[in-house]
Amino acid sequence: MPERAKVSTAWAAEAAGRPGPAQDGGTGAVACASEFEPVIGLEVHVELSTKSKLFCGCQAAFNAPPNSHTCPVCLGLPGVLPVLNRKAVEFGIKTALALNCEVASFSKFDRKNYFYPDLPKNYQISQYDLPLGTSGYVDVSVDGGMRRVRIKRVHLEEDAGKSVHESGTITGSSFSLEDYNRTGVPLLEIVSEPDLRSPEEAYAYLSMLRSILRYLDVSDCKMEEGSLRCDANISVRPKGSSVLGTPIELKNLNSFRAVEKALAYEFRRQAEILARGERITRETRHWDESRQVTVPMRRKEEADDYRYFPEPDLVPLEIEEAWVNEVRSTLPELPGVRRERFMRDYGLPAYDAAILTESKDLADYFEAAVAAYGGDAKAVSNWVMGELARLMNATGTDIRDVRVAPTALAAMLKMIDDGTISGKIAKTVFEEMFATGKEPRQVVAEKGLVQIVDEGELARIVDEVIAENRDVADEVRAGKDRAITFLVGQVMKKTRGRANPRAVNRLLRERLSSG
Amino acid sequence: MKITIADVDHVAMLARLRFDEDEKAGMAEQLSRIVEYVEKLNELDTGDVSPMAHAVPLRNVLRDDEVRPSLDPEEALRNAPDREGDFFRVPRILESE
Amino acid sequence: MRLYELTAHELKEKIERREVGVEEAVRALLDRIAEVDEAVRAYVTVAREQALAKARAADERLARGEPARPLEGVPVALKDNMCTRGIETTCSSRILKGFVPPYDATVVELLERAGAIIIGKTNMDEFAMGSSTENSGFFPTRNPWDLGRVPGGSSGGSAAAVAADEAVAALGSDTGGSVRQPAALCGVVGLKPTDGLVSRYGLIAFASSLDQIGPITKDVRDCALMLGVIAGHDPRDSTSVPRKRCDHLKGLVPDVRGMRIGVPKEYFGEGMAPGVRAAVGAALKTLQDMGAILADVSLPHSEYALATYYIVAPAEASSNLARYDGVRYGYRAPGCPDSVTMMTQTRSEGFGAEVKRRIMLGTYTLSAGYYEAYYLKALKVRTLITRDFDRAFEKCDCLVSPTSPTVAFRFGEKMDDPLAMYLSDIYTVTANLAGIPAVSVPCGFGEDGMPVGLQILGRHYDEATVLRVAYAFEQATDFHKAKPVLRDARAGGAAMGGTAARGAAASGDGSGEAGGGPTRKPAGGEADA
Chain A
11 MPERAKVSTA WAAEAAGRPG PAQDGGTGAV ACASEFEPVI GLEVHVELST
61 KSKLFCGCQA AFNAPPNSHT CPVCLGLPGV LPVLNRKAVE FGIKTALALN
111 CEVASFSKFD RKNYFYPDLP KNYQISQYDL PLGTSGYVDV SVDGGMRRVR
161 IKRVHLEEDA GKSVHESGTI TGSSFSLEDY NRTGVPLLEI VSEPDLRSPE
211 EAYAYLSMLR SILRYLDVSD CKMEEGSLRC DANISVRPKG SSVLGTPIEL
261 KNLNSFRAVE KALAYEFRRQ AEILARGERI TRETRHWDES RQVTVPMRRK
311 EEADDYRYFP EPDLVPLEIE EAWVNEVRST LPELPGVRRE RFMRDYGLPA
361 YDAAILTESK DLADYFEAAV AAYGGDAKAV SNWVMGELAR LMNATGTDIR
411 DVRVAPTALA AMLKMIDDGT ISGKIAKTVF EEMFATGKEP RQVVAEKGLV
461 QIVDEGELAR IVDEVIAENR DVADEVRAGK DRAITFLVGQ VMKKTRGRAN
511 PRAVNRLLRE RLSSG
Chain B
5 MKITIADVDH VAMLARLRFD EDEKAGMAEQ LSRIVEYVEK LNELDTGDVS
55 PMAHAVPLRN VLRDDEVRPS LDPEEALRNA PDREGDFFRV PRILESE
Chain C
506 MRLYELTAHE LKEKIERREV GVEEAVRALL DRIAEVDEAV RAYVTVAREQ
556 ALAKARAADE RLARGEPARP LEGVPVALKD NMCTRGIETT CSSRILKGFV
606 PPYDATVVEL LERAGAIIIG KTNMDEFAMG SSTENSGFFP TRNPWDLGRV
656 PGGSSGGSAA AVAADEAVAA LGSDTGGSVR QPAALCGVVG LKPTDGLVSR
706 YGLIAFASSL DQIGPITKDV RDCALMLGVI AGHDPRDSTS VPRKRCDHLK
756 GLVPDVRGMR IGVPKEYFGE GMAPGVRAAV GAALKTLQDM GAILADVSLP
806 HSEYALATYY IVAPAEASSN LARYDGVRYG YRAPGCPDSV TMMTQTRSEG
856 FGAEVKRRIM LGTYTLSAGY YEAYYLKALK VRTLITRDFD RAFEKCDCLV
906 SPTSPTVAFR FGEKMDDPLA MYLSDIYTVT ANLAGIPAVS VPCGFGEDGM
956 PVGLQILGRH YDEATVLRVA YAFEQATDFH KAKPVLRDAR AGGAAMGGTA
1006 ARGAAASGDG SGEAGGGPTR KPAGGEADA
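Chains as they are written, first to last, in the numbering used here: chain A, 11 to 525; chain B, 5 to 101; chain C, 506 to 1034.
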């Protein structure tokens, strides 16, 4: 079922009425939590980035004016019929393959019947017993190790519309407003087995999944725009037990952090209950982001009676091997494989390889820079993960919009290597390159940042500094070695950083020990 | 299978229908008779028979991913019983829905 | 002969030869409606202005020397479950009152492209659920042969309109016999084509896997003409079959010599009215005399067809009709505090008793724990029923049976007993379950001089054989030329009114309500009959 935005005030009020358990994660909770382990499975919905909707030709667009991307089909007008979007099916197969699933040779669509104002037909076309993909897995690196998370199923379905809730006054006169632009946008539902054992693992799995989906170019996976949505199932059991506890479904997880935090909260809450010797009641709970707690959602008994039956307005899919192979041939190198290759071919540590390969664009950038540079790949990695990442974060820039070409980064690294600029100066140079897109040589020339390589000139400046700071020089001579740092700093200041600190240090020592 | 008033209540809730007490009794009785009649199918052994969802077996009916013009919002909303701007307006949605 | 009495092919020829103008033809039909529809009540909407505008445009076209199209100027009526852009489309339900579709059904586009003029929307059992048109949310339609009797259903309005010369031809929809049974009961021709032959896009769904649009016409030639226009692949309907269009007129030869016609013994058992048995028996004799070879065949699973149908159809309907919730279009119950109450109230007030009964039945059979026992089981039996036909068609070119076990019954006769009403479909539902084509052609008169229909069933896509046998039979008989007495009562308002009053009284809906012109839109306040 597509996740929907809901007013949170009601839940907040309910939560306020009773003390939330272990909200502060107090020591007591931690102590009892250590005897338990969480068992977590995630149900992820991603909007596929097809041009048109799943069953009609309306554009699948985000943030358009209300009801401007609707037609008789997605409005569920009387008499209309769905026609399946080939691209959406291929994106589904592609994802199933990337997640190591078995692709169904025979698949079909079913109707999931429930009433909700944002669901125009009051049934959702989904896949029930014959999903596109089953029995897959994803390898996720956690705590330096690898965890294989099994994928239960991957299936296609249509998205619902959006209800905007006009939160009313206490007198109760309020309305909801319906926008059906999102109705019928293709969704891929990816359900994991309950193989995750901590909120951190859930986070890592979700990151890996997003990374894969972005490599595949089937979804932009923007959680804040709702193109990736996640519900979680979590049960808690004593450590070492192989019996599953009562699962709780968590909804309204609107960011990766929310997933992690809600699971952490829920783990503590359930562990506390179990520690008290009480039982968990099966329910769906809502993550209240503002209060950082989960609160129960009231649900009617009908909730689980969706009366699935085969969609008579669509015909089945026969996915022949040739079609699967055709789709398989479009698969890019996936992040897991690429990570291994980065470690093997570039000698990168696992940490670097994982970060660099999380995004295909970042990995492509890195590889282009390494190729142009020809030197130590780790140096490139340090710059990409260090300065480049820092500046991207600070300015909110996407790797695709970075103005420093990989070749420019490589050129700058070569300038460090041949001593044209110091590593310290390079940071200044890089900032300028990042801001303006200029080549490093131009930046260095314009700002006069070429390193002083003339030993005589440097010696002259060193002598000046010693002359101007006799007392400090005497301290050094007297054996207070740490005072030399001050003198180095003075030289750097005079040269506006263009001196090589190591050379300065050497020259100072020569003079102060001989004099 | 005898259909009880409780069954009628449950099914009516699923179907978003409401009946008064007299109607419920009549509905239970009529549905019981019909269900009893259709249970005639249990006489048949269908163990190895495949279900037939469509009379004509078609496969893989797909369209290309092409955008076609949408309705003008004004046209989309023309039949709306209630609206606010270009939204359809409905009475508030209770959280339990 | 009056203009409105002509068949479609006769009228089209006159228009093509410029003997008759399109506007003239349309006016003739509109006048006829004004004259008799007060008694028959076939229409829920008469699209007078739109029809006249289109007629004038067609006349201009012809005046410019453009060639006449296959249905040039032919006034056609549509069952009110086919969407017409700009013309109210209600399914004869109060829940859709006022709904004006922003799009045309594919069949509407095809008819108009072929030159037909849509003159109005005809009454039906609400959402096509019924066999008498008494379940219309607005008013019952009367059988032109006896205004005290039902026209059959659910396409009762279309069949009555054609029988009463209020439309030259019409479209109906057939889910379990809804084209063939009213055609039989009104003495006209009705065809349910092979599944997927005619696009369902724009047909308001009752039971998606069983619904088919089909023509209701005055003779078999018109039926073939209409079929040729509306059949064809439609990319907007995933279940539409990609086949080449074919000219169904060419195959109409009055010759059945050597053809093997199967007579399924299960269709001639108990429950058939003696008058129907006699008429159909005589028809078989006629076919035999014409040189056809009659063969006894068996369709052993026939006795399970109705049960299968009454699981599959309501289950699909319960889901198809979920969209009528008062949110986006149609009726909304006023003054509800929240959405659940609003939807529940809207549906409870907007749907009639039979629709609610079937939604309940379908919801029940799909609900948790019952899906396999009912719906899945029924889909399996559907396979068995289809295999019966496959086997029969190995030996025969087509099969024949009565269309309906009885002639048209009186108003109210079966309204208290849903099961008895469902039995009206006993000979027709199998064709829907198997997806095969079947036509009903007039074959005489039974009890009280009411029309009887002969059903001819064929192999998938073999409309040609079905129509050929129907045509040959029709050419050898005169039944299709018989007209209800209504035709002669044209000027006799008193006599006609008297009959109408009798009908209304029998239906128990109050004859006083029967007033108002044919162009009057449905009052909508009438209780479910």
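Fair warning: there could be bad hints in the mix.
[Unchecked claim] Across the chosen pairs, the derived CB separations fall in these ranges: (1) A/SER184 / B/GLY30: 35 to 41 Å; (2) C/GLU899 / B/GLU40: 32 to 38 Å; (3) B/ARG72 / A/ASN73: 19 to 25 Å.
Don't read these hints as lab results, they were simulated from the structure. C-beta: ideal position from N, C-alpha, C; glycine also.
These are the hints, each one checked on the structure:
Look at A/SER184 against B/GLY30: about 37 Å separates their beta carbons, and that is inside 35 to 41 Å. The beta-carbon spacing between C/GLU899 and B/GLU40, approximately 35 Å, falls within the hinted interval of 32 to 38 Å. For B/ARG72 and A/ASN73, the hinted distance range of 19 to 25 Å is satisfied, since their beta carbons lie about 20 Å from each other.
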